[in-house]
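Colleague: Listed below, chain by chain, are the residues.
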Amino acid sequence: MNSLQVQPVARTVTSVRWLPPRAGNAYTDTDLYFISGSGSKHKELVLWTTGNPDFKQLNDSDTDNAEESNVLASLVAKTSHDGDVHAIAAASSDTVATASSFGTISIYNIGYESECNLSLRESVTAHRFANGEPAVCTALSVQPTGAADAEVASCGEDGKLSYAPISRLDALQSHEVDSTVITGICWPTPTQLAISTRAGQVKLFDRRSPSEVSAVFVDPSQSYDFECITAHPSQSFRLVTGTNTGAVLLWDIRNPKQPTMEAFNVHQSNVWSVQFHPTDSSKIVSCSEDASLAITQWVAENNNSDSQNRGVRHLSSFFNALSINCFDICPFTRTSIIVAGSDSGNLLMEKSPASEFSMF
Amino acid sequence: MSRIKGVDKFVVEREKETALHLKPGVFPLGRQSEWAAQNRTLTFALHPLTAGVAVSVAGKVPRENISKDIKVYAPDERVYFCKTVAVSDARLPFANDTHAVFLAMQSIMGQDAEEVGVEGLLRMSALYREAMLQQVRMLQDGEQQQQKESEFVETEVEIFQSMHAIWHLLEIIYLTTNLPGLNTSVVPYYMEWLNFNFPAPLAEDGQRIADSARDADALNKNTELWPYLKKLALRGHMTTLANMLEQVAPAQDLSAPSARWARELARVSREMPLGTSDETTGSFNARWRRWSNETHDIATAIGSLFSDEKDDPPLRSLFRIAEILRGEVDVISEEGELWQDVLGAILLYSEPTAQADRLPTLAQVVLEQFQTDEFTQLDRALVALINHDLAEFLVYSNQIDNWLSAHTSDIMDHLGILEEWRSVFAVDPRAHFLHLLGEKYLSHQDLWHVGLDYFGQSKTLTGMSLVEESIVRMPLESDRKAQKMLDVCAKYGLSTAIDRIHRQLGRQKWQRGRLGAAIGHFARVGDRNAIGQICDQLWAEYLKSGKLTYGPIIDGVMAGGRLRHDRLQFLTQYRDFHESYKAGDFIAAGRLLLAILVDETAPLHAIPDLLVDAIPLLEGDSLVFSADDTFELMRCAEALTQSPLVKKSIDTAAADQMLPWSEESPATTRQDELGIFNVACARNLARSFVVL
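Taken in sequence, the protein lines are chains A and B. 1 is the number of the first residue of the first sequence in our numbering; add one for each residue after it. 1 is the number of the first residue of the second sequence in our numbering; add one for each residue after it.
Hints in this document: simulated from the structure, not taken from any laboratory. Wrong hints could be hidden among the right ones.
Pairs of lysine to aspartate or glutamate, DMTMM-like flavour, derived with a Cα cap of 20 Å [what the hints assert, rightly or not]:
| no. | chain 1 | residue 1 | chain 2 | residue 2 |
| --- | --- | --- | --- | --- |
| 1 | B | Lys491 | A | Asp290 |
| 2 | B | Lys481 | A | Asp290 |
| 3 | B | Lys547 | A | Glu176 |
| 4 | B | Lys481 | A | Glu44 |
| 5 | B | Lys481 | A | Asp82 |
| 6 | B | Lys547 | A | Glu212 |
| 7 | A | Lys43 | B | Glu477 |
| 8 | A | Lys257 | B | Asp555 |
| 9 | A | Lys41 | B | Glu439 |
| 10 | A | Lys41 | B | Asp89 |
Could you put together the complete structure from these sequences and hints?
Modeller: Below, the structure is given as C-alpha cells:
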C-alpha cells in the first residue's frame, strides 16, 4: 500500500475540487488552485494553492522547501458556508457551485486580484421534504457544455433532481424522480443525466424531458446501495458506481435492455466517490470509508480478463485513520496530482509522474 | 520552565466551573432576587454521555399551588444547552494523529503481541511523542503568527510539555531500557530525557555570556559565568564546560592556581568516559574508575588550596565543579535546583552504569532533600512513575490530561504491567481512562467517531454499551452520516444499535414523507408491521385520490428483488393490474387480480375494492375469467362476507364514504357493490359454460 502525504487542517473535509487553470492552459500556471469544503463544526469553503509539479525542475529549491516544511498546500482564502458542504463543482476558474446540507445550491465567485477572496454570489433552496424541512443536497454536477450558460444539476435526500442555469439560480426546476435517497449525479453527455440511488439503481434522464426516467439499471444478483456515480470522460455509455459494500461497479449501457456490469471489490467499506482518471481513463480512482484510495486498472492488460488479477493500487496514510470522503484529480497537469479530504481532518495528496506517452 | 502547581490547578478548574454562565442570561444583570421572587428557579439535567448540561427555568412550587396568575415570558420557555468540557479545535490534529496511532497499536497488538514485542511498542511510543512535540510546535507557531501571547496557548504548551516529559520517561523505563537482549544502563537515556524536557542551562544564556565577553578577563568578570559552569557540570554538558573553562583560564584576574585547575578540569571534562554499545560493562567500569580517581585527586588538590585561599571565588567554584564531577551528593544537592537535576547528576557521576531498577532507590535519597508538598502534578506523576507506583501515576496523569492517563494505561496494559494494579481500582483502569477520553472527544462534533473508537477499543462490555448508547443518541443529520454510524456499529458488531438506527431512520423518513426510503430502512430490520402500515397509507392515499401514484416508490424499494413483503407484493401486483387494464390486456389484468386474491397478499380491508375492480372484467365483452376462475372469485367473496372483521370494515367504509365513487352515487354502498359483483359472477359463469 502506497502512502499519501498528509496535511492536517483541523476540520472534517467533505468535498474537494481542482479549479481550472486561470489562463486556460496549465502549462502557463505555476500555481494550481483547489477548493475544499468542510462540515460538522466548521462549515467552510477554503481556497488552497499548491505549486504545479510540472514546473518542479524550474522551482526545485522552492519545492524542496515546501516538502521540508510538510506543507502540501497553502491557504489562500476562506469563507463560511451555509451548512455542511456536500459537493463542489467548478464551473470555471472563478466560479464554483456548492451543495449544502441545508438543501441549497450556492454559487461562489473567486477573486484572484490583489487579495484572493471567495464571495457568495447567489443561493437557492433546491431540496426540501414534503413536511417543509430542508433536505440534504447530496451531490451536484455542472453540465459539460461549451455554452456560456451551463446548467447545474443537483440531487438530494428528498429524491428530487433540480436544474438551474448557473447565471440564474432562481430559474430552478425540480422533479421528484426517486422514492429513496439520490446519492450521486453526473452528466454522461450534455443532454443526459445519470443518478445513483440508495436502493441500488442507476437511472438515466434526458434533460429535454427531465421528469421521466429514460432507463433504469439494477444489479439483480447483489443487494447494493449506490453511494456515487460518474461517467467516462469520452465514452458516455460507460458509468461507474460505488457501493456501500466497497465495490466499484463498471457499467456498459450501450444496450440499455441488457447492460453489462463488472464489479471490482477494491474497498472494505462504503465507496464515497469515484472517478475515471482524467489523463488515463483505463484507471478508476475511488475513495472509501476504509480510509484508503484505490486506483483500479479496469482495462484488462495482456488479454487477462480476470478482473481480480487486474492491478489495484491502494493509497493511504498511517496518520489518517478515518474515512476519505472526497478526492479530485487535477486534469490540467502532466503529473498526476490527487488531492483528498478526510474525516480525520486531513488534506491528503499524491503526486505521481505521468506514465510515458506512447501513441502506438 | 514554569509549571502549574497542584493546588493552583484545582483552583483553576474550580474557577472554570464557576465561570460557566448563560449568554444571554435568563434574567437581567443584578435582578436575580426580583426574578427569583416570582416562583422561578433554574433546573438542569446532565447529558447522559457527553459533558453537556441542559438548563431551563422551573417553578419552585407547582403552578397549581399558586393562587395568583403567573405571567409566562419567552425566556422562561427556552432550554439552554451548554458544554462544561470542550475540546479545543487546536487539539484536533493531535487527537486525530494519536487516534490513528492508537488504532494501529490495537491492531498490531491484537494480531500477534509477542512478535510485535517491546520494539513495536517503542516505535508506537515514538509516534505518540512526535505528535506531542508537533502539537507544541503548532501552538507556538500559531502564537507567533498572531504576534500575541495567549494564556490558552501557554497553558496548552505547558500541558503538552508535561505530557511529553512523562511519556518520555515512561518510554525509557519500560521500553528503551527493556529491549530484549540488551543490558542497557538507564543513565544516558535519563540525561537525554532531562536535558530535552527540562532544558538547563539554556543555550541562550551560554550565548549571552560568550557574546558579552570580548576576552578572558571580561568573561571572568561576568557574574553569570560560574553559576552557569556549575549547571553545565550538573547536566553533564562536558564539551561546553571544557570549552568555557579553557576560555576563562587565561584571564589576568584569575589566580595562578585557579587558572591551572581550570585547565585541568577542562582536560578531565573532555576525558570523561562515555559508554558505547560494543563495550562490556567491566571495561567501561575500569575506564570510569580511572577517570573518577583522577577527578577525586583534582577535587582533593583544589580543596587543599581552597582552605588556604578562602577569598578566591573562582577557585571556590572550581572546587564545587570538581566535587560535582566526583559525584559528591551533598554538593550536587546544594547546586541542583530540581530534583530531576540532582538525580541526573548522581546517576551520571556516581552510578554511570545503573539500570532502571535503581531509580526508585536513588530517587528516594534525592527526594528526602526536597519538600514534596510543593511538588507539581508533573513532579508527582514522575515520582510515581519512577517508583513504579502505577495507580498513583495514573491518577496524577489524569489530573494533567485525560489523554495521558488513557494512553499510558493502554500502553502499560499492552506491556502487561498493569495487571497487578487492577485490584487497586474499582474498575479496569485502562477501560476507565479510555472511556473518559472518549466522552471528552464526543463533546466535539468533529470527533464523534474518534470518541466512539476509544469506547470500543476498551474491549469491555461497558465500552461496547457506551458505543451503543452513544451512537443511537447521535443526531442523524444526513444520509451519509447515518451510513458512517452504521459502519461503526458493524465494526463493533452492534446489531441492536444497527436495528435502532434503521428504525430511527425509517421513522424520520416516514415523517418527512419519504415513504420509499422509510420502507427500505424498516425492511433492513424486518419491521414488517411498519412496512405494512406504510403500505396501508399508500393504499389509503390511492383510495382517497383515485390516482395510482405509488408506483415509483414501490419500484425504488423493490429494485433488485431484495425486499419481500406481502403488502408490497400486493401493491406491485395491483399497480401491474391497472397498467394491464389500461393497456387493454384484460386477460393479463384478470390473471393478476385473481393471483392477488388467491395468494392472499392483499389485506382484508382491500378485498372489497378488488372484487369491485373485477366487475368490469366479469361484465366485459370478452370472457376473461373461466368457470374455475369465477368459482375462485365467488369463494373469495363468500369468505369475505363470512369474516366479521371485514363485515365491520365494509359497514364502516360505507358509512365513511371512503370510496371516491360513493360521492357520485351516495346510494351505492359496499353491500350493493357486492350484490352487483355476485350477479356479475353468475352471468360470467353462465357465459363461461356457454363458451366452453
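Colleague: For each hint, tell me whether it holds in the structure or not.
Modeller: Okay, the hints, checked on the actual structure:
1. Proximity of lysine 491 (chain B) to aspartate 290 (chain A) is assessed by CA-CA distance (about 11 Å); at most 20 Å being required, the pair is judged to hold.
2. The suggested pairing of lysine 481 (chain B) with aspartate 290 (chain A) holds, with an alpha-carbon distance near 15 Å, which does not exceed 20 Å.
3. Restraint check: the Cα-Cα separation between lysine 547 (chain B) and glutamate 176 (chain A) comes to about 17 Å, which is no more than 20 Å; the hinted pair holds.
4. Restraint check for lysine 481 (chain B) and glutamate 44 (chain A): the C-alpha separation of about 18 Å stays at or below 20 Å, so the hint holds.
5. Taking the CA atoms of lysine 481 (chain B) and aspartate 82 (chain A), the gap is about 18 Å. The hint holds against a cut of 20 Å.
6. A threshold of 20 Å between alpha carbons decides the hint, and for lysine 547 (chain B) with glutamate 212 (chain A) the separation of about 18 Å falls inside it, so the pair holds.
7. Of the supplied pair hints, the one linking lysine 43 (chain A) and glutamate 477 (chain B) holds, its CA atoms being roughly 14 Å apart against a limit of 20 Å.
8. Between lysine 257 (chain A) and aspartate 555 (chain B), the direct Cα distance comes to roughly 17 Å. Compliance with the 20 Å bound is thereby established for this hinted pair.
9. Of the pairs offered as hints, the one joining lysine 41 (chain A) and glutamate 439 (chain B) holds, with about 17 Å between alpha carbons and a cut-off of 20 Å not exceeded.
10. Restraint check for lysine 41 (chain A) and aspartate 89 (chain B): the C-alpha separation of about 9 Å stays at or below 20 Å, so the hint holds.
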